[in-house]
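Peer 1: Protein chains in written order, with our numbering: chain A, 1 to 141; chain B, 1 to 805.
Worth flagging that the hints you see were computed from the coordinates, not collected in a lab.
Cross-link-like lysine to aspartate or glutamate pairs, in silico, DMTMM-like; alpha carbons within 25 Å at most:
#1 B:K52 x B:E501
#2 B:K55 x B:E196
#3 B:K792 x A:D68
#4 A:K70 x B:E687
#5 B:K430 x B:E533
#6 B:K23 x B:E108
#7 A:K70 x B:E776
#8 A:K109 x B:E749
#9 B:K295 x B:E158
#10 A:K14 x B:E687
#11 B:K758 x A:E111
#12 B:K792 x A:E59
#13 B:K792 x A:D139
#14 A:K70 x B:D772
#15 B:K753 x A:E111
#16 B:K792 x A:D57
Since the structure is predicted, the reported quantities are computational estimates derived from the model, not experimental observations.
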Amino acid sequence: MKKPNDLLIRSVTKVAVVIIFTFAINLFISGHHYPGGGFIGGLTFASALILLFLTFDMESVRKNIPVDFKVLAAVGVLIAVLTGVGGMILDYPFLTQAFGYFNIPVFGKTELATAVIFDIGVALAVIGTAVTIIMSIGDDR
Amino acid sequence: MSWLHIAILFPFLFAVFVPLLYKSFTPRIHTGWFVVSVPLFIFIYLLTFIPKISKGHTLYAVVEWLPSYDINFTAYVDGLSLLFGLLIAGIGTLVVIYSIYYLSKYREALNNFYVYLLLFMGAMLGVVFSDNIYVLYVFWEITSVSSFLLISYWYTRERSRYGAQKSMLITVFGGLSMLAGFIMLSMITDTNSIREMFEMVDIIQLHELFIPAMVLILLGAFTKSAQFPFSIWLPDAMEAPTPISAYLHSATMVKAGIYLVARLTPIFGGTYEWFWLVSGIGIITLLYGSLNAVKQADLKALLAYSTISQLGLIMSLLGLGSAALYYGNSTAETSLYAAAIFAGIFHLINHSTFKGCLFMVVGIIDHETGTRDIRRLGGLMHIMPVSFTLTLIGSFSMAGLPPFNGFLSKEMFFTAAANAASMNIFSMEKIGLAIPIIAWIASVFTFVYCMILVFKTFKGKNKLEKLDKHVHEGSIGLLVSPLILGALVIIFFFLPNTVAEYLLQPAFTAVLPTLADAIKVKHISAWHGFNLELFMTLGVVILGSILYVHLKKWHRIYRLYPQAMTLNNLYNFGLEYTQSISRKITDYYMTGSIRHYLVYIFAFIILVVGGSLWLFDGFKINTSTDSPISIYDIGIVTAVFFSAAAVLFARNRMTAITAVGALGFLVSFFFVLFRAPDLALTQLVVETVTTALFLLCFYHLPALKKEVSRLPFKMTNAVISIGIGALVTVIALSASGNRMFASISIFYENSYKLAGAKNIVNAILVDFRGIDTMLEILVLSIAGLGVYTLIKLKLVGRGKDEEAE
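Just chain B, same shape as in the assembly (with noise of 0.2 Å):
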């Protein structure tokens, strides 16, 4: 096991800790002060793999798991599983910094919150850091299960609950999808390691799993980045406390999909599908989130439409940039188109900066003032300097001015779009001019949105008279971790180089592992004359400034749009009525009648296993090997038809159970008989015990009825009764009849020299077969403690019924 592998499970070993480091501490030391060591030390560690990796190579270490299965834990790092380890990492940090000051040691559950983080951290490193596709998988539900505990970590409040379900079923659907993509890919290359699936572009894209293999993963990808129409789960998933939106909820989990975009380029790039259903989806959601971010009024729903825009952006970089696979290693095409993937890098890591920090203020804000409702706001800049000057660095930077890090990630967008617009395949002749117009009144939005975001919030009239707390400006600890991420967005500003050196290069060669020798990045540089993009630029902020001025005017345009026809109406629809329905059907079977039961089972019996032995031709009776039959053979067979048409005819349940009991030591006579004494006592004592159990079951049941049913029902009875009995006697008959391969008792007759033991039985029980065993009792006890546990806690008021009786 390597350091790596190490450094990601470090964050699910150090779990197990923290509720005994919670027990012992609090209230004298804050939990959060202990955990800050695991993504701080985490971060350290992948600081020092930069130079090495920078340097074009790659590390990889394998953890042997299930090589029968080639499910292996191997960690993998290229420049863009240590790009995003670093953001996990390093914003982890922050996070847990900020979240120390945020959360109160007295009141809150804190044990429960930092095992849901660490558990979120380690899963997300597991999902960057891993080339096993199904060991990624697993840590991809992780993040989905942690995120869930995360959103409803307030759980007596309604909406965190509903927000929680809204983003498990959501993300969980996707996560389901995914894997059937995984599957299909694994089938096609017949190898689970997505490095070796590399290797194999061309078998993978001619075969006829790869529409539907892409279309499945790409559905993970999107219902985990919050992609149109599944980004409905965002804003709900906002109900969680602030350091999670701010760390799951924008820096990090919602960028699992792009990561796998960006991972999963090499295979599916370069094809029609592929550019169409990423780049396509991905303007669309850049233009829904900005579009709807403007009517809101919370500012993390704001924030968290804003987050779902700008995922769009990144995506549809990473869908305009897969074109240049289609280009090949050489030609100019190739390094314009492939600038695309480069800037969505860019932008990627600039989102977090300044998502982050926007976060934080407005947890801050929230914390300060009690609300985060932009009606109620506003005034705040003198009260809270800081926060004010951080949320127009990170709005700002979001709005894509200088002299922030987004405006050098925007412009490089409007020039990826522009790019895009000229190119010559896929259909883009004919429709590419859409996308830079698109691109572009996106942008203007969301320049809106930045705009309500700083001006709302901070200026005008202040309103504090009607909030409930005394404002001011939040604790130094609060605002140490946005002050860290706002300084970062300004140094990317100056020195993008560095950045693009150390980061963004590697990240970039790791997205077209093939393209390496034709895609070196120009140099960054904030001024380049008077070219398209610039313009772009100016008339986002002119007609930006202008909607802003007139939002009065034109915001009731809204209201027009009818709130049935909503995303969210049609969840909620669907979910109601997929309970309803399946409710419905539920019971149309589930009667509670165990007869009913039984009918259902031994017919499906009766035609899967009738079906097969049918249709295999399985139907053969071979005699020649039987031993002789008896005259004891034929006594208790006598006895056993006559005990067992007792148990039809019994008029009550005593001679029920009576025969039964009587069948069953009958049966164990046949073991005498065939000199098996190890199962004739089994079989005995088994009898005993089972009859003695009915005999107490007796007293809790109602007199035996006669149950007065219609004439088909007891046909239908008649019919599934008779057939099992006839398919259990064909297939016991048909056994000896179809030998398809040499008898392996051979081997357990060694007993004696093998396991020491002259009791062949038991050698196989606790010996040759002893996992079996084991597995055997444990699903015993567990069936013991279900009796026990369904018996003794039963529902209040099935109890009261009962005593009524």
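Just chain A, same shape as in the assembly (with noise of 0.2 Å):
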């Protein structure tokens, strides 16, 4: 890809990646009892990637965050099963999720739930899907 020189959207996405990336973050957090989730959030937090891509030249990013996203891929796809493995160890059939309410300092009573690790490998799975492919794509010359 050519380099462009657009001094505006540069300054834009700067301040924008940041606000994706929180609003990606709180989309996954909220996701157990208000809209988002795993999928949701990991694809917005890929979305952002793309724009960092797509204003920025694909080396300076790539140098800038040194993450073999392939592999990223497989490891949410690792935690995934793996949660479902966990319920088995202890004799529950496979994906069982529990949950329960606990108090914890700072927080206070707090839900915690196995759901939500398996939703991070969900989240996982999907950046480093999305980000594999754009990448591969685009940087095909």
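Mind assembling these two chains? They're in different frames, but the hints should get you there.
Peer 2: Following this line, the structure appears as structure tokens:
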């Protein structure tokens, strides 16, 4: 790709990306009770990364975020599968999820659910796959 | 999980560690020394069953696998499976020891070799011990796959690859038809257990699917056991290393078909069709194999054809013996004809011993002289005396001469064939006489090729100066395994009744469980007076010797047979034409244009979905429960319509992409209107990302060309696109009109209590339907990796083309 010299979009992106990242994380966390969740959160996160790719050239983004997204996707799938296996070890059927309410300092009474771990796996798989595809296609000259 | 299951799975488990052992101990210790412990352990373990099984007990153990589908890992030990298990483990041990000296630890990829070998061993044990037909089928196919891998072990050789492909195509074809047969059996009987099927013989034999099921299953057995005309794969399989030929292609795998026929005899036996298919094909194979073996110049090819012929012999005995089931439990005929099955089992063991021995010796000759061509060998008797003795024992046993075990079973074969001629059922009174005559002719030729094997190789003038190597006797390590087998050949001759009591009788009873009372085996003795069988043997020896001495005079007859008419040619011809024709057909519709593919896909959908909608009268519209249409809905629909039309009339790609993007965003507005924030959010983000993706692809695409095409093609496109649009609309409208059952959404509304989540959508995704999500992200990741591989690892030639643009 040509290197665009576009000051306006660069400046906006720098701010917008932070906002999108925050929003993505918020979407992910609120997913248990409010609209959101691993899939949307992951996809939003990926869209922020894509915005970075579009604005800056691929090389400099890759230098600053030295993550192999293929591995990320695989790790996501692995986490999701392993949470399922966790239930099996305790003699429940595969992928049984559990939740409970705990008193944690600072947060007070908080709900903790294994489904969230599963959701992390989903989010990572989505981010990894989306970015892998975009990067492979964008890189192909 | 019982010890029996562990014994079956042990080879598979051990195979995992073979590469590790190979890596850390090569070249200090040959990997085979570790591997040999596996069959040895299993052999000793199986030996402990003999006392129980020979008393008529059986053993049954289940590990539940898919109980809801009645697919369970059942291990069942009776006389027949134990006999096969002992053969597999016993010969396996000897073969592994032999291979340690045969395959160099410096040059060969031993890790591959032993992994494949163990894979095969486990699968074969699985085949003989499984009672569940589907589990049996899976193991059956693993033996085909591991045989394929072993034949192509020296995969750089063109002949190895050819042989491997041939065996794979033929045996897997048989395996698949066998699966179809099994499915039919399971449909008839409503059970997947072979033992339970034995109880329902009457139902099965009267069912209309009886004949199709039998033919399909027999196809599986015949292809595996190299019966005529599927035998052509076996000679080409000889490209495998000799230990493999000795193990898979003579002693065990090719006997899987025999096992299957023996195992299913109680179900199919006693019928006209089974009798003639099994014994007819068997006897033809016997003759075909022995006739062809005589003309071979390669020692291994000779042994391959002789194996085919011997397998045909055993098969025909099983077929002849099945007549006993027709007579039932009480008559004198029962025990008379059932003796054929006993002879078959006995010959099966004998064949494994003498043929295993012969293969190993031929391997030694190949190893020491560098050739297996009879025309280049000769006069080796003084140089390789031990090999000579072993070949003599093996060949004479195969030819049916005393004092070797082959004599006993050959005599029994003649008895069975002569008895069969006197049957008065199954049209035997008309053509029954043909069976002993064919059997006798085939035995004469068997005698001839056995003599060729011994005397052409070891007697006569030696041609050592023409060989590349300095020839000497094989090392003691190579000789120990054939020595053991050779010793067994003689031991079995002198102690046949011990063998019969502990191995043959239980196996015999297992093949004919319903006739257990009628079939007590008589005392086996080598001498039973001057009777028909003895004269048949004498005739074989006399005529065989005459033919052998005058071999040169009549050998030319073989050349008269046209080369183009051989089965091999037919196979090659078929393969070539299948490939070129299928390529032509594929090229016809795989044009490379996505438009065409979409036309096929959508046309098919219209045909199938629209057709069933029409057939089952699914078109019902019920608007009574629909919510009223608001002004916003109308507005968005209008916008959707215009953006869709814009795609149609777009002059360049940029416009098209933008219009498609707009369409997606408009759809997400609908989700907002219908209060589905999760969907709306997802749709919005997905649209954003895909639009970005489109823009990236946009760099690589040529400018949008209006496809200049004939009018009819455009018309087809128009019809199909309007059709699919109309169809989807109709389906959406009828969906609310066809309420087949009450909504299940009430269950999910409890998500807070059940999953601790207030967001139903997310609770469904991660908890209620978690396995769907898990598989979805798996598919997603695979798709991502697919895109990555396609782009990064594109073919070199393709890459150059694109650079040129």
